[in-house]
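Chains A and C, in that order, are what the protein sequence lines are. Each residue of the first sequence is one higher than the one before, counting from 6 in this note's numbering. Each residue of the second sequence is one higher than the one before, counting from 529 in this note's numbering.
Hints listed in this document are in silico derivations from the structure and should not be mistaken for laboratory results. Computed from a predicted model, the values in this text were never measured in an experiment. Check before you lean on any hint, since a few could be wrong.
As the list claims (entries may be wrong) - Here are the simulated lysine to any residue pairs, SDA-like style, with alpha carbons at most 25 angstroms apart: (1) C:LYS576 to A:PRO142; (2) C:LYS576 to A:ASP216; (3) C:LYS576 to A:ALA136.
To be verified - Derived Cβ-Cβ restraints for the label pairs, each shown as a range: (4) C:ASN571 to A:PRO247: 24 to 30 angstroms; (5) A:ALA30 to C:PRO538: 31 to 37 angstroms; (6) A:PRO137 to C:ASP624: 42 to 48 angstroms.
The C-beta atom is built at its ideal place from N, Cα and C for all residues, glycine as well.
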Amino acid sequence: MSARPITEEDLHGYIDRVLDPAREAEVSAYLVAHPDVATRINGYAQQRTDLRAALAPIADEPLPPELDLARMIARQRRPRQTSWGAFAAAAAVLLCLGGVGGWSLHGVGQSTREGVAAVAQEAADNYAVYAPDPSRPVELRATDRAELVSWATERLGRPVTIPDLAASGYRFMGGRIVTTGHGPAAMFMYDDDRGTRLLMLTRPMAATDRDAPMTAHAQAGINGYAWADNGLGYSLVGPAAPDRLHPLADEVRRQLSRAI
Amino acid sequence: MKDMLHQIEPLIPTLRRYARTLLRDRSAADDLVQDCLERAVGNWSQRKDGNARAWIFTILHNLAMTRLRSSSTRPHHIAIEDAQDDTFAQAPAQEDGMRYRELLGALDRLPEEQKTVLLLATVEGFSYAETAAVLAIPLGTVMSRLSRARERLLKEMDEGRSNAPGAHLRRVK
Numbered sequence: 006m007s008a009r010p011i012t013e014e015d016l017h018g019y020i021d022r023v024l025d026p027a028r029e030a031e032v033s034a035y036l037v038a039h040p041d042v043a044t045r046i047n048g049y050a051q052q053r054t055d056l057r058a059a060l061a062p063i064a065d066e067p068l069p070p071e072l073d074l075a076r077m078i079a080r081q082r083r084p085r086q087t088s089w090g091a092f093a094a095a096a097a098v099l100l101c102l103g104g105v106g107g108w109s110l111h112g113v114g115q116s117t118r119e120g121v122a123a124v125a126q127e128a129a130d131n132y133a134v135y136a137p138d139p140s141r142p143v144e145l146r147a148t149d150r151a152e153l154v155s156w157a158t159e160r161l162g163r164p165v166t167i168p169d170l171a172a173s174g175y176r177f178m179g180g181r182i183v184t185t186g187h188g189p190a191a192m193f194m195y196d197d198d199r200g201t202r203l204l205m206l207t208r209p210m211a212a213t214d215r216d217a218p219m220t221a222h223a224q225a226g227i228n229g230y231a232w233a234d235n236g237l238g239y240s241l242v243g244p245a246a247p248d249r250l251h252p253l254a255d256e257v258r259r260q261l262s263r264a265i
Numbered sequence: 529m530k531d532m533l534h535q536i537e538p539l540i541p542t543l544r545r546y547a548r549t550l551l552r553d554r555s556a557a558d559d560l561v562q563d564c565l566e567r568a569v570g571n572w573s574q575r576k577d578g579n580a581r582a583w584i585f586t587i588l589h590n591l592a593m594t595r596l597r598s599s600s601t602r603p604h605h606i607a608i609e610d611a612q613d614d615t616f617a618q619a620p621a622q623e624d625g626m627r628y629r630e631l632l633g634a635l636d637r638l639p640e641e642q643k644t645v646l647l648l649a650t651v652e653g654f655s656y657a658e659t660a661a662v663l664a665i666p667l668g669t670v671m672s673r674l675s676r677a678r679e680r681l682l683k684e685m686d687e688g689r690s691n692a693p694g695a696h697l698r699r700v701k
């Protein structure tokens with residue numbers, strides 16, 4: 006009988022035991038007749054056995070509590086179980102914004118709250134659209150930084166600086182121009198080595214809102230800090246906890262004030 | 529979601545193994561698996577029917593690659609020989625332990641693209657077609673990478689054996 010020629014793929018399939026019995030028998034016979042090939046294939050087979058044995062203990066370790074899938078499912082379901090839940094969350098955001106607004110009014114005595122609160126909202130909205138995007142979260146990547154800066158500068162009519170958060174563990178990914186109810190804004194995205202993304206949005210402010218103190222915001226699990234300096238409004242948002250996000254916002258503000 | 533728990537929970541130990549072997553850092557790997565599981569919970573309902581195991585390994589693999597490529601925040605390289613006691617906690621027989629150690633060291637020196645194919649196809653037991661799907665590469669590429677990975681690993685192990693200063697002593701025992 007004339008058997009089909011044995012291929013390299015057959016040999017690997019033989020090692021990984023994925024051949025049908027007839028083909029396996031043919032490969033087996035081939036190896037008997039070709040001891041040099043058999044030596045190599047035996048080596049590979051031993052390597053496979055050893056690799057599996059060497060790495061098996063990892064899969065035998067008890068799972069740490071943070072990898073409790075049942076708990077993760079319970080936690081992620083809770084906020085969106087009913088429309089009532091969504092309503093309550095929206096109400097909480099309104100309350101929160103109201104509280105923050107009251108505080109900044111109290112502190113500054115001038116009505117800047119609509120200004121940066123709007124920037125915070127725009128940042129959170131854009132976060133919801135672009136941060137989960139798996140294929141194109143940004144239009145211009147970090148490698149096109151110069152092009153992004155000149156694009157943003159041109160559209161915003163102001164010199165724009167991209168803050169560097171690498172020292173805080175967030176890598177600059179890139180950005181794009183986005184639309185807001187107040188004209189174009191520049192959006193910059195960052196991520197850390199766990200894939201957590203942060204978004205910074207900046208756009209020119211109305212004449213009455215040129216400067217505003219930093220205030221905290223939250224919207225549907227996205228925390229943010231917003232402020233305005235010299236006529237540009239800024240908001241840094243992300244899923245990080247407020248106590249993690251706040252120093253990052255301070256750092257951004259510090260870098261930008263130095264750049265001006 | 530009950531369905532998800534049944535299908536995904538038994539895979540968590542193998543997700544940890546794949547992540548830890550790629551990142552060579554226990555806590556970073558577990559963070560990655562946690563991130564992966566959270567994404568999986570969020571996207572379970574949008575998942576196309578089919579192979580849940582390949583699906584979740586795809587998520588994990590992509591997260592691992594993102595992490596490994598974010599070079600500015602890349603953790604300092606831990607030589608596998610040094611990291612091993614903690615990273616690959618194990619207490620096999622003395623002789624085997626020595627061989628495994630060398631093997632994992634050689635595995636670590638493989639190019640990432642070969643290492644991932646080798647791990648999925650041999651350690652995790654994916655078919656070649658599933659491996660191709662997880663890595664989003666053609667089947668032919670899986671075969672050529674697998675072939676190169678095995679050849680290179682075998683060569684390194686052979687060289688290691690003949691160069692090791694204690695090789696003769698060990699054999700005499």
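Status of the hints after comparison with the structure:
1. C:LYS576 to A:PRO142: holds, 23 angstroms
2. C:LYS576 to A:ASP216: This hinted pair is violated, its Cα atoms lying about 49 angstroms apart.
3. C:LYS576 to A:ALA136: holds, 22 angstroms
4. C:ASN571 to A:PRO247: 24 to 30 angstroms: holds, 26 angstroms
5. A:ALA30 to C:PRO538: 31 to 37 angstroms: Once the Cβ atoms are compared, 34 angstroms apart, the range 31 to 37 angstroms for PRO538 of chain C and ALA30 of chain A holds.
6. A:PRO137 to C:ASP624: 42 to 48 angstroms: holds, 45 angstroms
Checked against the numbered hints given earlier, this structure breaks only hint 2.
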